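With these hints in hand, go ahead and build the complete structure from the sequences.
Here's the letter readout for the chains.
There are 2 protein chains.
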Amino acid sequence: MNENYAIGIDIGGTNTAYGLVSREGKIIFSNGLKTTSYKSFEEFVEALSSNVRTMIDRVGKEHVKGIGVGAPNGNFYTGEMVDAANLPWKGVLPLAKLLKQQLNKKVVVTNDANAAAIGEMIYGIAKEMNDFIMVTLGTGVGSGFVANGQLIYGHDGFAGELGHVIAVRDGRPCGCGRNGCMETYCSATGIVRTAKEWLSTRNYDTILRKEEKLSAYAIQQAAIKGDHFALELYDFTAKILGQTLADAVAITSPEAIVFFGGLAHAGDILLVPTRKYFEENLLSLYKNKVAFHLSALMNENAGVLGASALVWG
Amino acid sequence: MNENYAIGIDIGGTNTAYGLVSREGKIIFSNGLKTTSYKSFEEFVEALSSNVRTMIDRVGKEHVKGIGVGAPNGNFYTGEMVDAANLPWKGVLPLAKLLKQQLNKKVVVTNDANAAAIGEMIYGIAKEMNDFIMVTLGTGVGSGFVANGQLIYGHDGFAGELGHVIAVRDGRPCGCGRNGCMETYCSATGIVRTAKEWLSTRNYDTILRKEEKLSAYAIQQAAIKGDHFALELYDFTAKILGQTLADAVAITSPEAIVFFGGLAHAGDILLVPTRKYFEENLLSLYKNKVAFHLSALMNENAGVLGASALVWG
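Those sequence lines, one after another, are chains A and B.
As numbered in my numbering, residues 1 to 313 make up the first sequence, in order.
As numbered in my numbering, residues 1 to 313 make up the second sequence, in order.
Hints in this document: simulated from the structure, not taken from any laboratory.
Source: prediction; values computed, not measured.
Any given hint could be a false lead.
Given that identical chains are not distinguished, each listed pair holds provided it fits within a single copy or across any two copies.
When the alpha-carbon atoms are kept at most 25 Å apart in a straight line, the in silico DMTMM-like pairs for lysine to aspartate or glutamate are as follows [claimed, not checked]:
| hint | residue 1 | residue 2 |
| --- | --- | --- |
| 1 | K239 | D170 |
| 2 | K289 | E80 |
| 3 | K97 | D83 |
| 4 | K287 | D83 |
Written out as structure tokens, the structure reads:
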């Protein structure tokens, strides 16, 4: 029995992607469905399972080792999604249990950022690393901490919420009900918030004033063109990101930090100032020891790859 | 060959304690020497080895599995002490190598707080725990993070410096050269600093004004007597401690935090307000899930016990 394939499922608030992935990290088939099209969670799992079953049958189910799922608030220990803010269905959703009933395969669930960390460790830039931090800078900020070669799930399966470390005491209100969480500044949403605040309170000369709908992508394009306002936005974002990462390093002392997600697409525009503030804020013990990498899976279907890696991880 | 004993060595800036410990965590013999009496590191190791050898010979060396050492800035991977601020000798000191040459036993070195965490896991309150944080509130603040049942040493062996997380941006100068480190507020030294600042700038009515030499112990005694100033000092210290711990929980999601060290001797006077601020600052996901414990080794020779546990851990 050659179990050379894994199924990866990446559940998002709008779309859900799934794919059949080889042991080497090659996506053989992939497809998707609209998460929001299903009234109940049960209907959603049924439709998803039916699609995945077709995919499994194409290679023969004896060749598929299992199913990995990256899901909002997905819990590794219970296999449930719990009160995910972006999903149409609320409460505790028994994802692993229902998928296992439908597909009769081992199912491993975790959140998107943890899946990304495992994906990076199995297929990506962190292949040889025992200690690293994965940071996903998207609509929010997620993270996965790997120490001693293992992902830290924590006692309850909810470890790694770096986006909800308080970066600015009494700072911006966060969706979580508290103030000053790192993700209110250092996500795609956060940098747009900063831009809007600054545009409404200060008199800047910037091409971004002409943007109808200010987005992280528009800010990135303006920065590439040398727009001073956009570059200052990155500098401000980088300062908070660098400070927060410097404190995280004092806890797990990783060899590298791997960046992923929309905001990370800015590359050096974000990472060069982030490194500057990071080094300035590090305890001397750690200075010049921690590498910064962009995810090796950035331009691939990373959600599906990362989720499939859970099966091998 | 019944290797039922381990040697524990606890190197401090002033005194070094050592002992022979049974597998069950009973100290069979123990003794000490003055760290500061030795001009060179080599002389110190020679004297220490000679004393330890006598102890080993009393039970027979075939019954001793190895030697664990808790040492300032002790590095698990290299067995060295590196630039420890409180030691009379500077630079990189090859502790494990010299001890092994002298005693021909397995030698495991780490820093004091990591040794305390392992001690708690092998002999103490954390026996059944896979995920916890050990916090030592002494002259400085040390910590050991355990995740997936293993201590996090990090890539370079220097993980777990919670005392040097920036608790107050642009706060008090720290011995490490930066500002606002948690240990400048939440250590025995930190609470005394706060007391002195407040006494010199505000008009408080407190029995502590009469103290010739203000100490953490004097503050604790005053708090027990209901002195409002002393209680306010604990409240302020607890706020910073609670906030910092809440952020650390977002990274490793432990089932418990275990407190150790001089400042922790205050017990509920410190821990009740710390829990209040901790819960206020936690992401809702973690609320009411993390237990607080005082170390079970608090009144024992915890340094020696913790160090000896490295041999079994």
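Cross-check of the supplied hints:
For the homomeric pair K239 and D170, the shortest alpha-carbon distances inside one copy (17 Å) and between copies (14 Å) are both at most 25 Å. Taking CA atoms no more than 25 Å apart as the test, K289 paired with E80 passes between copies only; the shortest distance there is 18 Å, against 37 Å inside one copy. For the identical chains of this complex, K97 and D83 are intra-copy neighbours only, at 17 Å inside a copy versus 53 Å across copies, given an alpha-carbon limit of 25 Å. Taking identical chains as interchangeable, the C-alpha atoms of K287 and D83 lie at most 25 Å apart only when they sit on different chains, with a minimum of 15 Å there against 39 Å within one chain.
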